[in-house]
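Q: Residue numbers (our numbering), protein chains in the order written: chain H, 25 to 246; chain U, 25 to 246.
Think of the hints as simulated: they come from the structure by calculation, not from any bench. In this text, all values refer to a predicted model and were calculated from it rather than measured experimentally. For glycine and all other residues, C-beta sits at the position ideal for the given N, C-alpha and C. You may find that some hints are simply not true.
Reference listing, derived: stretches of chain U covered by chain H, where coverage requires no fewer than 3 residues with Cβ under 8 Å from a Cβ of chain H [claimed, not checked]: (1) 76-88; (2) 226-238.
Part of the chain H face toward chain U, derived, beta carbon under 10 Å [said to hold, decoys possible]: (3) V70; (4) L73; (5) G136; (6) G213; (7) A216; (8) M238.
There are 2 protein chains.
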Amino acid sequence: MRIALCGGTGDIGEALALRWAYDTDHEILIGSRDPERARGKAEEYVTELDSRGVEADVKGFANEMAADRADVVVVAVPAYHLVDTVEAIGDRLDPDTVLVTPAVGMKRDDSGLHYNPPSAGSVAALCADAAPDDVSVVGAFHNLAAGRFADLDAEVEWDTLVFGDDADAKDIVTLLADEIEGLRPLDAGGLANAGEVEALTPLLINVAMHNEGMNDLGVRFQ
Amino acid sequence: MRIALCGGTGDIGEALALRWAYDTDHEILIGSRDPERARGKAEEYVTELDSRGVEADVKGFANEMAADRADVVVVAVPAYHLVDTVEAIGDRLDPDTVLVTPAVGMKRDDSGLHYNPPSAGSVAALCADAAPDDVSVVGAFHNLAAGRFADLDAEVEWDTLVFGDDADAKDIVTLLADEIEGLRPLDAGGLANAGEVEALTPLLINVAMHNEGMNDLGVRFQ
Numbered sequence: 025m026r027i028a029l030c031g032g033t034g035d036i037g038e039a040l041a042l043r044w045a046y047d048t049d050h051e052i053l054i055g056s057r058d059p060e061r062a063r064g065k066a067e068e069y070v071t072e073l074d075s076r077g078v079e080a081d082v083k084g085f086a087n088e089m090a091a092d093r094a095d096v097v098v099v100a101v102p103a104y105h106l107v108d109t110v111e112a113i114g115d116r117l118d119p120d121t122v123l124v125t126p127a128v129g130m131k132r133d134d135s136g137l138h139y140n141p142p143s144a145g146s147v148a149a150l151c152a153d154a155a156p157d158d159v160s161v162v163g164a165f166h167n168l169a170a171g172r173f174a175d176l177d178a179e180v181e182w183d184t185l186v187f188g189d190d191a192d193a194k195d196i197v198t199l200l201a202d203e204i205e206g207l208r209p210l211d212a213g214g215l216a217n218a219g220e221v222e223a224l225t226p227l228l229i230n231v232a233m234h235n236e237g238m239n240d241l242g243v244r245f246q
Numbered sequence: 025m026r027i028a029l030c031g032g033t034g035d036i037g038e039a040l041a042l043r044w045a046y047d048t049d050h051e052i053l054i055g056s057r058d059p060e061r062a063r064g065k066a067e068e069y070v071t072e073l074d075s076r077g078v079e080a081d082v083k084g085f086a087n088e089m090a091a092d093r094a095d096v097v098v099v100a101v102p103a104y105h106l107v108d109t110v111e112a113i114g115d116r117l118d119p120d121t122v123l124v125t126p127a128v129g130m131k132r133d134d135s136g137l138h139y140n141p142p143s144a145g146s147v148a149a150l151c152a153d154a155a156p157d158d159v160s161v162v163g164a165f166h167n168l169a170a171g172r173f174a175d176l177d178a179e180v181e182w183d184t185l186v187f188g189d190d191a192d193a194k195d196i197v198t199l200l201a202d203e204i205e206g207l208r209p210l211d212a213g214g215l216a217n218a219g220e221v222e223a224l225t226p227l228l229i230n231v232a233m234h235n236e237g238m239n240d241l242g243v244r245f246q
């Protein structure tokens, strides 16, 4: 399968690129607004994987080009760049492309981080509003500490919550998540359930902030 | 220590009463609007614990009386009864009483359950607004599946998030949570962080609803 990571030069994009390249045979397309930057990062990832004996298929492109070629497009950009990015790649998406949003809107105060949903109700709803009507949007990969996740030496035992209104699209993303070692996909229902999933990310950061020795957290439902 | 469970005849109240009575020597006061009901439930709990060889100190009272006698008061009522209950017991609380809120406001739609904060911003903020100014409010015990938690045969490995603005009051609740086997208290910061903690409860219910074989969930941060 071809997976585009638009914003694949950022930390969650890097983590997903490295993990999929390490654990699977999927073709990974790193997207960026700046194709030179995407190519540079793709080379970094290939070098990192090569040092671990893995010959990875990771290439860099402009976001539009990456999205055009992919079966699954992860919009791995901060929430405030999400609409711009989705609109930029919108006409490159086929009706059978699956658009994945891991983005969370947060604000900070003295106590910590807080969920800051857009007026659409959730970041995933914002993504769906910005995407072409015939493209299925799936939420996943929100609650993963990107720095630790990007370190292939770090063993994780984390759940990721997958939600969306198109069951087939959700199944594809669930399989892709399941292929990453240490990651367990769980079904969180439809897009209307996005808010509770997105709100978990600031909680993870708050818990890491307030508890000594707990850093770069994920979560396990049990 | 004397712990009052106002609303201790409900499911989370029952769970906390049984667990504390089983795992500690604290004196447990079951509170209800109806003292007869409180006494009946307290007897049930004593019988249950006796069948396990534990001689427990659990008695039933009207909410006001239970609160009056306690060092720590858990307001274990649904969110929509919270203000009524806190106002009813308010003048029985000393400045050194710790008031604990495990309540979450939720609404249901076709997709599942959703966090439904009151205009105060969170249920914990609502509790603090309703409580006397000199009483410290701590949030804890939100994200525990009450039915499973009330079953002393069920082994759990769950985290509970403790938050509040009074460090000493938080320490007391943290110690009480830590005394329950299988429960790990984590510091989630101040009252301003309540929303993200409360929003985790509908997510746990949604995940249980959408994943076969997953029921009565708690969560572990790792």
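Q: Work down the list of hints and note, for each, if the structure agrees.
A: Now for the hints, and whether the structure bears them out:
no., hint, in the structure
1, 76-88, "violated (count 0)"
2, 226-238, "holds (count 9)"
3, V70, "violated (31 Å)"
4, L73, "violated (26 Å)"
5, G136, "holds (5 Å)"
6, G213, "holds (5 Å)"
7, A216, "holds (4 Å)"
8, M238, "holds (7 Å)"
Going down the numbered hints, you'll see the structure goes against 1, 3, 4, while the others check out.
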